[in-house]
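Number of protein chains: 2
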Amino acid sequence: MLSIDEARGRILARLAPLPAEIVALGESWGRVCARPLAARLHNPPADISAMDGYAVRGADTAPAPGRETILRLVGESPAGHPFAGRVGPGECVRLFTGSVMPDGSDCVLIQENVERRGDAVVVREPVAAGRHIRRRGQDFAIGDEVVPAGRRIGARDIGVAAAANHGWVQVHRRPRVALLATGDELALPGDPIPPGGVVNSNTPMLAALIRAAGAEPMVLPLVRDDASAIAAATDGLAGPGGADLLLTIGGASVGDYDLVQSALAARGLEVDFWKIAMRPGKPLMHGRMVRNGAALPVLGLPGNPVSALVCALLFLLPAIRTLSGDRSGGLDYEEAVLGRDLAANDQRADHLRASLVRGEDGRCVVEPFDRQDSGMLRRLAACEALILRAPFAPAATAGDIVRILCLDRFGI
Amino acid sequence: MLSIDEARGRILARLAPLPAEIVALGESWGRVCARPLAARLHNPPADISAMDGYAVRGADTAPAPGRETILRLVGESPAGHPFAGRVGPGECVRLFTGSVMPDGSDCVLIQENVERRGDAVVVREPVAAGRHIRRRGQDFAIGDEVVPAGRRIGARDIGVAAAANHGWVQVHRRPRVALLATGDELALPGDPIPPGGVVNSNTPMLAALIRAAGAEPMVLPLVRDDASAIAAATDGLAGPGGADLLLTIGGASVGDYDLVQSALAARGLEVDFWKIAMRPGKPLMHGRMVRNGAALPVLGLPGNPVSALVCALLFLLPAIRTLSGDRSGGLDYEEAVLGRDLAANDQRADHLRASLVRGEDGRCVVEPFDRQDSGMLRRLAACEALILRAPFAPAATAGDIVRILCLDRFGI
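First to last, the protein sequences are chains Y and A.
Under our numbering, the final residue of the first sequence carries the number 413; numbering is consecutive throughout.
Under our numbering, the final residue of the second sequence carries the number 413; numbering is consecutive throughout.
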């Protein structure tokens, strides 16, 4: 059976970032930048004051023996109203944080260091040329890259893009992920539940994960355990206007065979692999459906909700990131301190549901739950982290450092 | 001047969670649950098989001396198709993970431990009564709380709510935050820039932060530095259909007075405080406008984008959480290892822009940037964490534990 890393590598190797589209800057939050943004102006656009005070010539503020140093106020320049004239010797102009430095001045005398007597400004502390000025282009200059391609755009990126005078951004198109849940036993919340049936929790849960990852879920109607119905549900998904990825859920052990695989084989499914050495979630299928020259990647998740969520986190989320052009890299594994002893692991990589406490020393302590039954969805919802246990990992002791995934990082 | 904690306490003390509205479960991701969801059914709904195999009576699987233990296959029960009959002595029923346990059976003989010969099932390993069964209600029982009030709903909560048969959720209404940026110097990205002007980066940046926090930005047109225009821009915001919070940006030092404060005073603004002992961002105003009996909370941010963002993180974000009914508590401060020495701090709390590296020992190392100029928006966008320095904090040494805020946690 494949390892998790091998399996993920094979899934990602076949995916490429989707083409770009243009969105207004204000709508770009959470999208992935497709083309670097270069500054269209200097920031600051001119030398500006970093403080409230007076634009002066530094040399004029030097103390004179036996008398006060007094400058003559010749104007005021609030932000957005540059002083039209020039600061001459012995003169000053009132200004504020962000005001453009007037011609002739070379520093800012801060307001705490003067005494005002009408138009006379008495200097209480001298100031050196160059002080309290933010230089033109100090933050960025025309042409500087302010937002790199491949970056998931956050609020600060929007701020710096605006300051660089961009009102539009090229972002990668959101991946469309079709969800196909199969099973005679499934009912939608609130709908009549068949005998022996369960409410379908996977589809809404995974649709939310897909949204949290920045993609667009396309939720197909539930399909019974019927090969031709399953096959028909996928018609129109490959190719333009369809989906970028088909996610099937369940159907891996219906009767004595894999119903989804055999159903989709009739529609051109080429299976790459269908088993991974992991727990929860051994039956994970990867392949693609090739129809009319278009290839639709297919991921098949197990029907057990705990397995489905863990597999989605490990394989679907990176797939969405790759399709989105997100270059932030792989999964955001972290290291934490193990809160209690763990037995040695068997041949399958394990993902233990655990609570997480942030310690005072800057480390997190993870405590695996007593019961790890993959049927327990409420425990999955209650856990804060998954502890990753490699195949054949030896027994671990409280205090050891282990690898974890913090679930709240992913909006799941 | 007020401390940060005092100021935040005074802001939050006046805010209460907004009323509830109903959304479809699939639309509830990222919303805050307003009423606990209690399970409407047991999960599992019946005793079900945890494995693929055969429903048997455990006693029938005991090895018999000198001969094979053989059970007779009397039916098959895929998930969703409960076996209608009863498993009698010496009989078994084929079933799969999730199948309802048939009457008469008391455990599951897993398929790896049998040999099939037509309808004869040869037992290779005995199994004890009770094995491989997930008990009815083992995950949750009718009436159990599956999603608590005050929880920001993630994908897993949606899964467990669906499993508990909820198709609808009561969530707190999204807070509407009106943004009012003032300044003669401001232009929108792409619009003509006035002499000495700058592009308004605060409004799109803060609108994105507001969205990231789960609230709804209401972006008011830019207003010039004119008291009556500023006052008029706020008309209709207080009361029904208006905003839950007014955020003003800039205008704190226009000429020699605070233009926004004096403009809004004419519309009933009662100022609570307007200065905080912090850096960046000393001039932070808090108050409320009382008009026609309705009170509109007002937060006034400094116009400097770096200060505005830090203040929004420290004060606006918790305000939005409180209005949203989010009980996850205050800001998510973390602890990290300081990467290099820091000088003693002065009387104002400081927030140093820093890079962050995750270490192998489970701790993060933060390295403050050399330049902390609050005019540098690009550096703010590039930083990964803020290091919090308390007022009068003594000098710190590389290796010390310091408090940080990880900025990527907040979608900013």
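Some clues are possibly wrong.
For lysine to aspartate or glutamate, the following DMTMM-like pairs were computed, each having C-alpha atoms within a straight-line distance of at most 25 Å [said to hold, decoys possible]:
(1) A:276 x A:351
(2) Y:283 x A:48
(3) A:276 x A:6
(4) A:283 x Y:116
(5) A:283 x Y:371
(6) A:276 x Y:116
(7) Y:276 x Y:185
(8) Y:283 x A:53
(9) Y:283 x A:116
(10) A:283 x A:259
(11) Y:283 x A:113
(12) A:276 x Y:113
(13) Y:283 x A:126
(14) A:283 x Y:77
(15) Y:276 x Y:116
(16) Y:276 x A:113
(17) Y:276 x A:335
(18) Y:276 x A:351
(19) A:283 x A:116
(20) Y:283 x Y:145
(21) Y:283 x A:7
(22) Y:276 x Y:77
(23) A:276 x A:342
(24) Y:283 x Y:362
(25) A:283 x A:273
(26) A:283 x A:371
(27) A:283 x A:361
(28) A:276 x A:53
(29) Y:276 x Y:259
(30) A:276 x A:126
(31) Y:283 x Y:53
(32) Y:276 x Y:6
(33) Y:283 x Y:361
(34) A:276 x Y:53
(35) A:283 x Y:113
(36) A:283 x A:192
(37) Y:276 x Y:227
(38) A:283 x Y:126
(39) Y:283 x Y:371
(40) A:283 x Y:259
Everything labelled a hint here was simulated from the structure, so no lab data went into it.
Q) Hints broken by the structure, by number, lowest first? A) 5, 15, 17, 18, 19, 20, 21, 22, 23, 24, 27, 28, 30, 31, 33, 36 and 40
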